[in-house]
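Participant: Chains A and B, in that order, give the protein sequences. The first sequence lines up with residues 1 to 114 when you count with this note's numbering. The second sequence lines up with residues 1 to 113 when you count with this note's numbering.
Don't take every hint at face value.
[Said to hold, decoys possible] With beta-carbon atoms standing in for the labels, derived distance ranges:
1) B:Thr96 <-> A:Glu15: 40 to 48 Å
2) A:Asp55 <-> B:Pro8: 39 to 47 Å
3) A:Arg57 <-> B:Lys71: 40 to 48 Å
4) A:Arg57 <-> B:Thr5: 29 to 37 Å
5) A:Gln81 <-> B:Lys9: 44 to 52 Å
6) B:Ile60 <-> A:Ala24: 33 to 41 Å
[What the hints assert, rightly or not] Think about it this way: if two alpha-carbon atoms lie no more than 25 Å apart in a straight line, the pair counts; the simulated DSS-like pairs of lysine-lysine are:
7) B:Lys83 <-> B:Lys70
8) B:Lys71 <-> B:Lys9
9) A:Lys56 <-> B:Lys9
10) B:Lys9 <-> A:Lys42
11) B:Lys14 <-> B:Lys70
Note that these hints are calculated values from the structure, not bench results. The C-beta atom is built at its ideal place from N, Cα and C for all residues, glycine as well.
The lines below spell out each chain.
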Amino acid sequence: GESVGLHLPTLSVQEGDNSIINCAYSNSASDYFIWYKQESGKGPQFIIDIRSNMDKRQGQRVTVLLNKTVKHLSLQIAATQPGDSAVYFCAENYNSGSARQLTFGSGTQLTVLP
Amino acid sequence: DGGITQSPKYLFRKEGQNVTLSCEQNLNHDAMYWYRQDPGQGLRLIYYSQIVNDFQKGDIAEGYSVSREKKESFPLTVTSAQKNPTAFYLCASSLTGSNYGYTFGSGTRLTVV
Numbered sequence: 001g002e003s004v005g006l007h008l009p010t011l012s013v014q015e016g017d018n019s020i021i022n023c024a025y026s027n028s029a030s031d032y033f034i035w036y037k038q039e040s041g042k043g044p045q046f047i048i049d050i051r052s053n054m055d056k057r058q059g060q061r062v063t064v065l066l067n068k069t070v071k072h073l074s075l076q077i078a079a080t081q082p083g084d085s086a087v088y089f090c091a092e093n094y095n096s097g098s099a100r101q102l103t104f105g106s107g108t109q110l111t112v113l114p
Numbered sequence: 001d002g003g004i005t006q007s008p009k010y011l012f013r014k015e016g017q018n019v020t021l022s023c024e025q026n027l028n029h030d031a032m033y034w035y036r037q038d039p040g041q042g043l044r045l046i047y048y049s050q051i052v053n054d055f056q057k058g059d060i061a062e063g064y065s066v067s068r069e070k071k072e073s074f075p076l077t078v079t080s081a082q083k084n085p086t087a088f089y090l091c092a093s094s095l096t097g098s099n100y101g102y103t104f105g106s107g108t109r110l111t112v113v
């Protein structure tokens, strides 16, 4: 899985299988988390978010799980498709004093195999 | 359609030149941000602004400058003092307050020639 500061890990899955992308976040005071998808040469796009008072949230084909005890976030993609191939970033949001900012992980490269 | 627009998509700079990257949003967002992305790495914050006429340095502000004269616009200048400017630059905007994500532009790829 990814963690802030590490180089890009990779994950390869067969088309139709489920994908799980992991993220270890850094700040126990973070109270809002987001997953972004970034295709090559494009800007990141919002996928799904979750607040710290939840441990699971589902979207269309995607589920985010939050484990605050171990500061771990995961993104599950059901029935992975070729169009899911991209870099996936997690981001955590906490109050850094003067302003709230998002801190991004280094990302995971997901490759969907035919 | 509301969104955030970066221009140009590709930019080439000769050594010793300053170049300015444009970022415009019509989302009525108060906060705007500039990130740098190098190959295989995450996003690093250069500058951010939460209100017009005010901006703050991020983690890697050296060699960069910004202005925020209008709510909609947050241009980034890459100066000749930035020794390794070749990178993908991303602009983002958001509402202020808690629990808001960022909306990103499509990026500008800057190359030193």
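Participant: Give a verdict on every hint.
Facilitator: Hints versus structure:
The hinted range of 40 to 48 Å is satisfied by B:Thr96 and A:Glu15, whose Cβ atoms lie roughly 41 Å apart. A hinted range of 39 to 47 Å for the beta carbons of A:Asp55 and B:Pro8 is consistent with their spacing of about 43 Å. The hinted range of 40 to 48 Å is not satisfied by A:Arg57 and B:Lys71, whose Cβ atoms lie roughly 32 Å apart. Take A:Arg57 and B:Thr5: their Cβ atoms lie about 30 Å apart, and the range 29 to 37 Å holds.
Between A:Gln81 and B:Lys9 the CB atoms are about 27 Å apart, so this pair departs from the stated range of 44 to 52 Å. Taking the beta carbon of each, B:Ile60 and A:Ala24 are about 23 Å apart, not inside 33 to 41 Å as hinted. At most 25 Å may separate the alpha-carbon atoms for a hinted pair to count; B:Lys83 and B:Lys70 exceed this at roughly 29 Å. Straight-line distance between C-alpha atoms of B:Lys71 and B:Lys9 comes to about 22 Å, which keeps the hinted pair within the 25 Å bound.
For the suggested pair A:Lys56 and B:Lys9, the alpha carbons sit about 37 Å apart, so the restraint of at most 25 Å is broken. The straight-line distance between the Cα atoms of B:Lys9 and A:Lys42 is roughly 10 Å, inside the 25 Å bound, and the hint therefore holds. Between B:Lys14 and B:Lys70 the alpha-carbon distance is near 29 Å, which puts this suggested pair outside the 25 Å criterion.
Figure legend: structure checked against the earlier numbered hints; hints not met, in rising order: 3, 5, 6, 7, 9 and 11.
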